[in-house]
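> Make the full structure from the sequences, and use the hints.
The listed protein sequences derive, respectively, from chains A, B, C and D. Counting from 1, one number per residue, gives the positions in the first sequence under this note's numbering. Counting from 417, one number per residue, gives the positions in the second sequence under this note's numbering. Counting from 833, one number per residue, gives the positions in the third sequence under this note's numbering. Counting from 1249, one number per residue, gives the positions in the fourth sequence under this note's numbering.
All clues given are correct.
Capping the alpha-carbon separation at 25 Å, the derived lysine to any residue pairs in SDA-like fashion look like this:
1) Lys703(B) to Arg1140(C)
2) Lys494(B) to Ala1336(D)
3) Lys1326(D) to Arg505(B)
4) Lys1119(C) to Gly1197(C)
5) Lys287(A) to Phe664(B)
6) Lys1535(D) to Arg308(A)
7) Lys1119(C) to Phe1496(D)
8) Lys910(C) to Arg89(A)
9) Lys703(B) to Arg745(B)
10) Lys703(B) to Arg1135(C)
11) Lys703(B) to Ser250(A)
12) Lys78(A) to Arg745(B)
13) Lys703(B) to Leu1102(C)
14) Lys1326(D) to Pro1353(D)
15) Lys1119(C) to Arg719(B)
16) Lys1326(D) to Gln509(B)
17) Lys910(C) to Gln93(A)
18) Lys78(A) to Gln924(C)
19) Lys287(A) to Ser666(B)
20) Lys910(C) to Ala88(A)
21) Lys78(A) to Asp919(C)
22) Lys1535(D) to Ser1082(C)
23) Lys1535(D) to Asp305(A)
24) Lys910(C) to Pro928(C)
25) Lys494(B) to Asp478(B)
26) Lys1326(D) to Arg1161(C)
27) Lys287(A) to Arg1556(D)
Label-pair restraints from in silico Cβ distances:
28) Arg303(A) to Tyr1127(C): 37 to 45 Å
29) Gln1330(D) to Arg303(A): 25 to 33 Å
30) Gly1367(D) to Asp503(B): 28 to 36 Å
Read the hints as simulated data drawn from the structure, not as lab findings. Using N, Cα and C, we set each Cβ at its ideal position, and we do this for glycine too.
Below, each chain spelled out in residue letters.
Protein chains: 4
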Amino acid sequence: MPQPARRVGTAIVGLGGAVATTAVAGLELLRLGAVGADGLPLAGVTVGGRSLEEATGLAGYDDLVVGGWDLDASDLYKAAEQHGVLDARQLQQAEPLLSGITPWPAAGDADFCRNVTGGNVVLAEGRRAQVDAVRADLRRFREEQQLDGLVLLNLASTERWPDPAAACLQTPEAFEAGLDADDRAITPSMVYAYAAIVEGVGYANFTPSLSADVPALVQLAERHAVPIAGKDGKTGQTMMKTVLAPAFRSRALTVEGWYSANILGNRDGLALDDPASLESKLQTKGKVLDSILGYPVEDHVVRIDYYRPRGDQKEAWDAIDLIGFLGQRMQIKVDFQCRDSILAAPLAVEIVRLVDLAQQRGEGGVQRHLGWFFKAPITADGSTPEHALHRQESVLMDWLTSGADRTGSDADPASR
Amino acid sequence: MPQPARRVGTAIVGLGGAVATTAVAGLELLRLGAVGADGLPLAGVTVGGRSLEEATGLAGYDDLVVGGWDLDASDLYKAAEQHGVLDARQLQQAEPLLSGITPWPAAGDADFCRNVTGGNVVLAEGRRAQVDAVRADLRRFREEQQLDGLVLLNLASTERWPDPAAACLQTPEAFEAGLDADDRAITPSMVYAYAAIVEGVGYANFTPSLSADVPALVQLAERHAVPIAGKDGKTGQTMMKTVLAPAFRSRALTVEGWYSANILGNRDGLALDDPASLESKLQTKGKVLDSILGYPVEDHVVRIDYYRPRGDQKEAWDAIDLIGFLGQRMQIKVDFQCRDSILAAPLAVEIVRLVDLAQQRGEGGVQRHLGWFFKAPITADGSTPEHALHRQESVLMDWLTSGADRTGSDADPASR
Amino acid sequence: MPQPARRVGTAIVGLGGAVATTAVAGLELLRLGAVGADGLPLAGVTVGGRSLEEATGLAGYDDLVVGGWDLDASDLYKAAEQHGVLDARQLQQAEPLLSGITPWPAAGDADFCRNVTGGNVVLAEGRRAQVDAVRADLRRFREEQQLDGLVLLNLASTERWPDPAAACLQTPEAFEAGLDADDRAITPSMVYAYAAIVEGVGYANFTPSLSADVPALVQLAERHAVPIAGKDGKTGQTMMKTVLAPAFRSRALTVEGWYSANILGNRDGLALDDPASLESKLQTKGKVLDSILGYPVEDHVVRIDYYRPRGDQKEAWDAIDLIGFLGQRMQIKVDFQCRDSILAAPLAVEIVRLVDLAQQRGEGGVQRHLGWFFKAPITADGSTPEHALHRQESVLMDWLTSGADRTGSDADPASR
Amino acid sequence: MPQPARRVGTAIVGLGGAVATTAVAGLELLRLGAVGADGLPLAGVTVGGRSLEEATGLAGYDDLVVGGWDLDASDLYKAAEQHGVLDARQLQQAEPLLSGITPWPAAGDADFCRNVTGGNVVLAEGRRAQVDAVRADLRRFREEQQLDGLVLLNLASTERWPDPAAACLQTPEAFEAGLDADDRAITPSMVYAYAAIVEGVGYANFTPSLSADVPALVQLAERHAVPIAGKDGKTGQTMMKTVLAPAFRSRALTVEGWYSANILGNRDGLALDDPASLESKLQTKGKVLDSILGYPVEDHVVRIDYYRPRGDQKEAWDAIDLIGFLGQRMQIKVDFQCRDSILAAPLAVEIVRLVDLAQQRGEGGVQRHLGWFFKAPITADGSTPEHALHRQESVLMDWLTSGADRTGSDADPASR
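Here it is in structure tokens:
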């Protein structure tokens, strides 16, 4: 007997962005049967012969209800049209839904993300007032939509990092005081994360912003038993790194150097054209190699450049220098001509479903089993996270099946 | 207390080839401390805090004693000089050893490998007589070198495949009769494999030749409790495929097409310039994708071209077409500028150590846990082998540790 | 005072193909002002301050009137839709014109191009009857459309080459006899070329087919003072070769080897999947390097593979091995992700205008100054043609301006 | 009758650098017959059937006599060994010569090139005193070596640019006053250039440093009738740009964007790791595209990164976005795995021979016909120089032959 549908609210920061509009349109196109499940890692996965949704209570794609904030007040149809990710027919098919969704006023701060601004700003002075506004939005969304679950998903452009050692970021109490004092170490995405946690709403950070990855918010999430996940969706070049580096280690090929160039021309790229935001991104991209390989790669260089001709069609070029038997050198070049939002949107959707499932299971705090999705997985205790993609996949599948209602076999992505 | 050294004979078919001479020189340079362990996957791996060698009885690199056959009678120094794999200093350091090793006359057959010929041929008429000559070589080698273990390693150039359905390849009895009748379905590498098995010598086939991967020889190996392993060392492009394809599946990116070009200019490349030999190679390269992905990739094209300017410096270019979310297309290009023998030689060395360990453990027949080394792992029952590199690694490490003399922890390649 | 418009008929063999439909649609989109002149080399070129059209009498893009033959009777809208070259909006804009054009029945022969067939075949038995049918088509086209000029343009799929030394291809007289005898050395494209010449219609061969590049037809064109041009449009990889090779020579970098892989998935690619047609293509691609460099490149390998995922989006990958100062080696890789028809169509359009101009000027025979357009320029006397792109451009511009009605300066593509 | 040998002094700034040591060693290896003329563009060029040297009086490679300055006092053998450009055998063959050459103390200034320093500094306080020291070196060199000609070649690491509008750089008189006042707008390379000019010694600047490309020194060179040439040798990526861009223009393919990444790990790379020096380099690399194409490429991004694993083996990756017919997009990627010094050294050698020839011909001032060698050719009047490689070659060949003693045909690089 199928379970009754569960309505899961998805409140998105950066609702008008390329990733968010692609996700919203994609869910609609799935509902309409206009596209298949390509790119959705949990679609079609079975556990003991039953679908994941049946076996675990995971919300279906159709169960997601979307709302959210953006500094730009344009409706999602206008926004999606501008991003140029959907093709003409897809845009047309999703128009009825998209044109009906308008972002709520957002709590932005130009100081933290200089290149992305807009006029759709919440009229609230100071961080405490912004928190109150976000909480009110969440409550309203939950009531109006009669939601069974609710997850706040951060898809905003990358913020500049504050000093992670700032006093107000170390304990929940200090954070509360910091909100009242309007402490500048508290960034906009932390305002959203805090609001979610105290409202009992799961929080997932798909961006490189520091956000909930500070002791104050991690502890707060544990206290409130609210699941939090992050940070920085692992989509293109870094995903490839966490696939290739384990193989080089497996074959004992020493990585002498790894040069990574990235060019992209969407709003995220523009945000990263601000050196302060770029710094945040490089933080989250930089560490995966050494951790997987077990030794420091001294010549690991990562470049990200804004380059308009591509729009959302990001390109990542890697030049890898390897040392093999007899100390002899080899090279690998990888050129990934990917699409930023096409890779990111389905992962963001899956994260929402999984954070909601954790909420159903009553598992609060840092969701370590979601490391598979992130470039810089949060670890509650500051330890080094697992970065190898295939090991992260095992961890996720184990978590999924550990709570499955089933007899017999394991979750089998190979069943897809 | 360290175990007493074990002398493990390594009888190589194609001893004068690029892979073999690189392996022999590499072992010598390791002994001399002139090179590090780059490229040797089992070097430095620990089990429960002890080295693999201590914990499992695996022979050390220093324990290997090399001999073998080649159609070219040149000593290994001359051969290595010609292959151009070792740099000038390495060649000089290895000269004292290399110049003292001369290949034994080989059992070749120009009909099976048209582009690689030579005059150092065993004077034996017919397959049965060739078998007897190879067996005599093995016995002599074992006695003269006072060997504790002996493995026959096929590193010869690729042979044309016979019809795998030929009657004489189906049972040990039919094979015996085929030998007596000098049946043309029995290839030179089968002569070596048969001789090894009946002499109780482990057999590993690093080439794409069909060799022991026929029911007759698999059954024979089981009867004699002799370990056999193969086929076709997984070094460059195919290794990368078995790393990338699992990731694409993990992320639900559909592989629409995969175009693979290979250029190489060494003796193996020349052998593959013969369409019949090339066919064997394409056989072993072709199937990994569909098996890992779980669906047929209709546009999987593999090209191998002989291109002299590179010599041993093989280049593999892959153009991969992916379909992601919303059915949208992405591309990845991978250009692997590798070195054929530098990648192959250390794997060949490890295989010899592992086949010898299986012999010590009394485990005969097909060594399925060695699939990690091969493009087309033999499966005794004709079932589809595991191809994903990371899963193959787990299987190998489990096998290694299952027989380990230890308390506690797992084999940990990460300890390297 | 602007010249009165000149109506120039363009009778295309292969009218339903990707290049032809792109050319026809492109001319219409230009007329509508829906696209700019990107890709049209002679657009906007000035001579002495005046447009090329004014200064030389070159027909304008608007002056071209299109008709032609195809084995597939579909109208051009259906054909263009299938080729997938035009985007959705362009297809819609060109629909009124395209849907009104239906190819005339063609003179095909499956023996010469096995992978492209169709039912829209001229009902004529034997080569002489086919000639008569083509001549009738040309006369009808000229009259019905009240044409001032007429050019026959071959854009059909690549034919297998006949033996160029066949007796009937050596003199006009032998060719006439061959037509009567239905000699199999006379290919379909020769039937078209012959018909054009005897009708006084200029002939241009954009394909690798041998076609008019035989003594019989060259001499016939001279006798009839009809301009002929060809062969094989120089669009992607070969164009790049004729740009890069002169630079390598200029810098005294020796080309040790040049490996070229091509993948494409359109109808032309399918035609080339037939080894006989492929052979024709390789003939025309192979010779440019040695001729430009002045020495034979022994390791010049060209691969062309049919690979469906790309459709018309051809990809050419070149791996070039160079030797520089002190004999040291360097490499260049070029990956050209081009669009076959987008590159070819505008060149085909320019050729028609230039052949018509030659007709106006009364210059018959081989148009050597059009070598800039072709991979294998015809030379009347069998001598080696100029292949370097920049020198070919100079020759073309000199020819254009030599007949210009002007005072002062040279043709200046830089004025574009 | 062969002309008597001409002894041409080559005084090099940066004599211990990779380019200089490669040039010096290369000349010696040529003398010894140990290497061929690969990479030397004027080797073997004939004019009217005679060698360039015979026809024009151009000095032979054997006629060059080398000396120079470096901040590092190591002899050239030690320096060359460290650079790792020569292979082991070449290093050994050139050792007798190289170990006998020790650089003279140099006039450096850490303020202008922060990452390359050394102790071999001329003991002279102030710019005027440095000038005097350099002039004394030149006079001594000329006398001791009994030179017929003398050229000062700047191969030092890239300096930070001063403000080109600084008053002291505008006229020879202001420059003189600036020297006396030790004006900080006068850079070390200007000290060398000035010293050369007033000593009647030709000056060539192979680096991106501003150096003689200021009105003061250009006018001074004209007054003294001393040839000057520069700036920034056009070797790898920029050379390719000036080959490809003319072709794109020729085919009317619009360049929408051009992204260029460079990685290199030699001393030049280290110098460019200082942002001030990098800025000089980007200045000279940036302008070629717009000038050749005739329109501004808004998205032209050039990155240069220091990346140690490569040493002198520079890699340049270009991602080019093109717009063709119907406004449709195409891409080209070029990966040039070149060798910085292998490309640069032979060009530097040819420049010296050509500047000496200009001196013989009495042609002082800016040598515009040498633009073929440079990324940012100096133009006396500040006009835009020609950048297209093939047109630069024509200009050079015309200049060479204009003064040739010959009957008949043109200089023919194709004769090489």
